[in-house]
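S.K.: Chain residues, written in single-letter form:
There are 2 protein chains.
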Amino acid sequence: MSGPEPPALAYRQTPETRRRLAERRMMILKATRELIAEVGFRGVRSRLVAEKAGISEGTIYRYFPTMTALYAEVFRTAALRELAASVEAADRPGPHGERLAAAVQVHVERALRRPRLAHALLAEPVSPEIEAVRLDCRHRFHLLFSEILQDGIAAGEFIPFDTELAAACITGALDEAIIWPFAKVADDARDKPVLVDFMVGFCMAGLDRFRTAGAGGLRRPA
Amino acid sequence: MSGPEPPALAYRQTPETRRRLAERRMMILKATRELIAEVGFRGVRSRLVAEKAGISEGTIYRYFPTMTALYAEVFRTAALRELAASVEAADRPGPHGERLAAAVQVHVERALRRPRLAHALLAEPVSPEIEAVRLDCRHRFHLLFSEILQDGIAAGEFIPFDTELAAACITGALDEAIIWPFAKVADDARDKPVLVDFMVGFCMAGLDRFRTAGAGGLRRPA
Numbered sequence: 000m001s002g003p004e005p006p007a008l009a010y011r012q013t014p015e016t017r018r019r020l021a022e023r024r025m026m027i028l029k030a031t032r033e034l035i036a037e038v039g040f041r042g043v044r045s046r047l048v049a050e051k052a053g054i055s056e057g058t059i060y061r062y063f064p065t066m067t068a069l070y071a072e073v074f075r076t077a078a079l080r081e082l083a084a085s086v087e088a089a090d091r092p093g094p095h096g097e098r099l100a101a102a103v104q105v106h107v108e109r110a111l112r113r114p115r116l117a118h119a120l121l122a123e124p125v126s127p128e129i130e131a132v133r134l135d136c137r138h139r140f141h142l143l144f145s146e147i148l149q150d151g152i153a154a155g156e157f158i159p160f161d162t163e164l165a166a167a168c169i170t171g172a173l174d175e176a177i178i179w180p181f182a183k184v185a186d187d188a189r190d191k192p193v194l195v196d197f198m199v200g201f202c203m204a205g206l207d208r209f210r211t212a213g214a215g216g217l218r219r220p221a
Numbered sequence: 000m001s002g003p004e005p006p007a008l009a010y011r012q013t014p015e016t017r018r019r020l021a022e023r024r025m026m027i028l029k030a031t032r033e034l035i036a037e038v039g040f041r042g043v044r045s046r047l048v049a050e051k052a053g054i055s056e057g058t059i060y061r062y063f064p065t066m067t068a069l070y071a072e073v074f075r076t077a078a079l080r081e082l083a084a085s086v087e088a089a090d091r092p093g094p095h096g097e098r099l100a101a102a103v104q105v106h107v108e109r110a111l112r113r114p115r116l117a118h119a120l121l122a123e124p125v126s127p128e129i130e131a132v133r134l135d136c137r138h139r140f141h142l143l144f145s146e147i148l149q150d151g152i153a154a155g156e157f158i159p160f161d162t163e164l165a166a167a168c169i170t171g172a173l174d175e176a177i178i179w180p181f182a183k184v185a186d187d188a189r190d191k192p193v194l195v196d197f198m199v200g201f202c203m204a205g206l207d208r209f210r211t212a213g214a215g216g217l218r219r220p221a
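Protein sequence lines, in the order shown, are assigned to chains R and W.
Under numbering that gives the first Met the number 0, the first residue of the first sequence carries the number 0, and numbering increases by one thereafter.
Under numbering that gives the first Met the number 0, the first residue of the second sequence carries the number 0, and numbering increases by one thereafter.
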């Protein structure tokens, strides 16, 4: 245990104290996320988090009332970080189909880079509280994909179609292909760029039917 | 409570007794499945199962050691019934792409007919024991889809590609589109044939890139 503990009464906190508290909170979240990426949710114990963060187990509970609350926060921050990466990738000029493909590609690439963390975030059995966070984050991915497609329809790039349903198909295809069967094999057992190409191609092909004439689609592989 | 209870010692069982035991076991499974289709896993209670099956709560535990064991069996039988329907739909002469489309279509149609049961089977948070049954059943769908595509490659209908990955994309797209967002809306809130066409079309389009020349693909909607 190092540094001062959070005081019991909030009015005593100076800006410097608040900064240190926020830093320690981040350290606990980071240590937990790294552990999950190594051993999955089921392997995480408060003792291991404390060891990794260089604090006592008791200190964890000064920041998070329960381990479930800590996991939920790790879940939320990790999933929102993934979402932010896809939003950033999609934030570019050009055809909306390409914006969507970029968002999908970044999502898959990042997941395959840390397959065990991806598996924990997407598929590991979790408590109802964490499941609710998972569903909320998945819903945000749906919304992102659906919004890009709505923009594409508004721009005349696609004929109108059920973008919400398409977003569900895309999210489901990606998540299942990411976690299954790759959760069980070694990280480098398959050629990742080939996997990424396949998944992006699969999802984009599902939209080709709705492209207006001349908007272009996926090419057949050589 | 009606009829004799299962005797404690198996050697006393006559063929007639065994038939009655098997029948009552099926009644308990059916009552549980119907309850799940009405109120989801979380709403099921042993009292409700007993009421629906016309037996006492205690009788349930003569057939299933725990409610979890009962749920796992309901899960397995319901999922295998869905699988059997897809296997049967795919068991026809003709192009393998059409066999796959038929298997996919039956899967989606049946799920949309009982969306709450589908949601329970596919997505409702469950215990690790039942999650293991869920994963096993999902794996069998993967295998079915992958095998049809392998046959299609062997028949020269598709160029070689990663059929296991394609099967994961298809299963994921269907499952997510079935449960989200339709689990939350009324059964008839959307036009089901349109939903089915969309999902089948999405999955089959993802395979068009791999069709050999002349094997045909999906048509653009009018």
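Hints in this document: simulated from the structure, not taken from any laboratory.
Treat the hints with care, since some could be wrong.
The list makes no distinction among identical chains, and a pair is therefore deemed to hold if it is satisfied within one copy or across any two copies.
To be verified - Calculated pairs, SDA-like style, for lysine to any residue (alpha carbon to alpha carbon, straight line, at most 25 Å):
hint: 1; residue 1: Lys51; residue 2: Glu97
hint: 2; residue 1: Lys191; residue 2: Asp161
hint: 3; residue 1: Lys191; residue 2: Arg19
hint: 4; residue 1: Lys29; residue 2: Asp207
hint: 5; residue 1: Lys191; residue 2: Arg137
hint: 6; residue 1: Lys51; residue 2: Val195
hint: 7; residue 1: Lys191; residue 2: Arg61
hint: 8; residue 1: Lys51; residue 2: Asp196
hint: 9; residue 1: Lys191; residue 2: Arg210
hint: 10; residue 1: Lys191; residue 2: Phe160
hint: 11; residue 1: Lys51; residue 2: Ala88
hint: 12; residue 1: Lys29; residue 2: Asp190
hint: 13; residue 1: Lys51; residue 2: Gln104
hint: 14; residue 1: Lys191; residue 2: Glu130
hint: 15; residue 1: Lys29; residue 2: Ala78
hint: 16; residue 1: Lys29; residue 2: Glu163
hint: 17; residue 1: Lys191; residue 2: Pro159
S.K.: Taking the hints in turn, state whether each one holds.
M.R.: Okay, the hints, checked on the actual structure:
no. : hint            : in the structure
1   : Lys51 / Glu97   : neither (41 Å within a copy, 54 Å between copies)
2   : Lys191 / Asp161 : between (31 Å within a copy, 13 Å between copies)
3   : Lys191 / Arg19  : neither (40 Å within a copy, 55 Å between copies)
4   : Lys29 / Asp207  : neither (41 Å within a copy, 43 Å between copies)
5   : Lys191 / Arg137 : both (23 Å within a copy, 24 Å between copies)
6   : Lys51 / Val195  : neither (33 Å within a copy, 49 Å between copies)
7   : Lys191 / Arg61  : neither (41 Å within a copy, 51 Å between copies)
8   : Lys51 / Asp196  : neither (36 Å within a copy, 51 Å between copies)
9   : Lys191 / Arg210 : between (28 Å within a copy, 23 Å between copies)
10  : Lys191 / Phe160 : between (32 Å within a copy, 15 Å between copies)
11  : Lys51 / Ala88   : neither (32 Å within a copy, 53 Å between copies)
12  : Lys29 / Asp190  : neither (29 Å within a copy, 46 Å between copies)
13  : Lys51 / Gln104  : neither (32 Å within a copy, 50 Å between copies)
14  : Lys191 / Glu130 : neither (28 Å within a copy, 28 Å between copies)
15  : Lys29 / Ala78   : within (13 Å within a copy, 39 Å between copies)
16  : Lys29 / Glu163  : neither (33 Å within a copy, 34 Å between copies)
17  : Lys191 / Pro159 : between (34 Å within a copy, 18 Å between copies)
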